[in-house]
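From first to last, the protein sequence lines are chains A and B.
Counting from 59, one number per residue, gives the positions in the first sequence under my numbering.
Counting from 108, one number per residue, gives the positions in the second sequence under my numbering.
No more than 16 angstroms apart at the CA atoms, straight line, and that leaves these computed lysine to aspartate or glutamate pairs for EDC-like:
{"#": "1", "chain 1": "B", "residue 1": "184", "chain 2": "A", "residue 2": "144"}
{"#": "2", "chain 1": "B", "residue 1": "184", "chain 2": "A", "residue 2": "284"}
{"#": "3", "chain 1": "B", "residue 1": "184", "chain 2": "B", "residue 2": "200"}
{"#": "4", "chain 1": "B", "residue 1": "184", "chain 2": "B", "residue 2": "196"}
{"#": "5", "chain 1": "B", "residue 1": "184", "chain 2": "B", "residue 2": "150"}
Think of the hints as simulated: they come from the structure by calculation, not from any bench.
Quick caveat, the model's predicted, so the values are computed rather than measured.
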Amino acid sequence: MTLRIPALITAILERDLRLALRHGADTLGAVLFFILAGALFPLALGPSPELLRRMAPGIVWVCALLAALLPLDRLFGSELEDGSLDQLLMTGLPPSLIALAKMIAHWLTTGLPLLLAAGPLAIMLGMPTTSMMVLLTGLFLGTLILSLIGGMAASVVLGARRGGVLLPLLVLPLTTPALIFGAAALDAAQTGLSWGPDLELLGAFLAAALPLCPLAAGAGLRAAVE
Amino acid sequence: MPCPHHRPIARRISVIPAFTPPGRPLLEVENISVFRGERLVLDRVGFTLEAGDALLLTGPNGAGKSTLLRVLAGLHKPEGGHVLWSGVDALADRSQHAGRVAYLGHQDALKLGLTLRENLTLAARASGGNPDLCMESLNISGLADLPARMLSAGQKRRAALARVLLAQAPLWLLDEPSLGLDINTMGLLGTLFAAHRQAGGIVIATTHVPLPLPDARTHALPGLNESDIPQPLEDFPEDDLL
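Can you make the complete structure from the sequences, with help from the hints?
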């Protein structure tokens with residue numbers, strides 16, 4: 059059994075990636091939302107380069123946070139509706155590892171594309187290329203945190219009516235620390251201060267979320283099929 | 108027609124009695140009770156099955172047949188009672204119990220965007236079985252590379268049954284397996300049941316129509332008394348249903 063765990067996790071990942079490719083429009087939705095929402099800010103705030111450069115870290119981070127929310131309620135929702143969740147549990151994989159596999163799949167299909175789109179969006183907003191490394195490192199950690207916390211919340215609200223409304227209300231407060239540290243690191247980099255501590259705190263947040271979120275999500279999955 | 112992939116079951120089953128205290132049946136279900144909200148759905152249900160036995164669960168709609176199957180599969184935790192496998196508490200480690208069970212729900216659990224073969228990959232990876240042989244056993248090899256969205260209801264049911272075979276598990280829990288099947292496939296199902304029981308497996312199925320399970324025992328669930336049916340309340344507190 060122990061030997062089969064990595065193979066099963068890879069099988070779930072393969073399946074989810076294949077589904078993401080087949081339903082390409084759904085998958086691209088989050089990234090397109092991210093770029094569009096980011097592009098709205100210059101229109102609303104006016105084209106002053108100085109203002110946009112000041113606001114770019116916040117814009118990129120908030121848009122990424124909101125975009126990552128979009129596919130969350132389908133993450134486990136579609137599995138529950140067609141009975142696949144039962145079959146996933148019947149593979150003998152512990153529920154927390156099923157949840158972890160789904161969270162990794164969420165990161166690969168949403169977090170990674172967001173990370174790739176963040177660079178162009180930041181340049182568009184006039185962010186100096188010197189702080190690009192800090193942005194991408196911070197967002198790398200941040201999107202991982204989002205997938206973990208988002209996956210946990212998605213499994214907790216699974217089966218609840220109005221779960222889709224509940225989900226952002228649950229995820230957004232929990233991810234505020236990531237937003238604060240991530241945007242603060244960028245701000246520090248732009249003003250020439252030390253950005254290391256902020257990224258380290260972000261990393262610490264990820265280190266705490268990595269074991270805790272899948273455990274909570276696993277309990278949520280068990281409860282959802284009851 | 109003993110299909111080739113049934114051999115591992117036979118091997119595994121023949122090992123199991125070695126751990127079994129003499130005279131102990133393979134599956135013992137004792138006093139299972141389940142509440143749904145305020146309502147007692149299953150009231151101290153119990154039976155025992157030996158290797159090779161088959162059991163049909165009957166009863167009116169809402170009698171708790173599907174719930175009982177989910178309890179036996181380890182998907183639903185009962186409020187009371189035990190499920191013993193070879194004398195050992197099966198529900199203590201539900202992930203381990205999953206390895207003994209092939210569960211067919213009332214939904215087919217197929218991803219419409221994936222082909223039939225891709226749909227079976229996960230189950231194949233879990234059990235180490237051969238999906239092509241199982242699809243062949245249910246006469247759906249020709250559909251292997253079609254996306255599931257193009258299949259008819261009966262073909263989807265056959266695919267879900269192929270996954271049951273694929274699990275190579277001794278305990279089959281089938282929720283209305285005949286749903287949407289044509290007469291030929293029913294015959295096929297009979298052969299597969301016979302081969303599985305021959306190999307020492309157990310079949311438990313819920314059904315409203317006769318299934319090709321000769322000398323299967325029947326366990327009738329009583330269903331609801333009129334007085335047990337919850338009456339709709341005025342100003343029902345909706346949020347409590349969450």
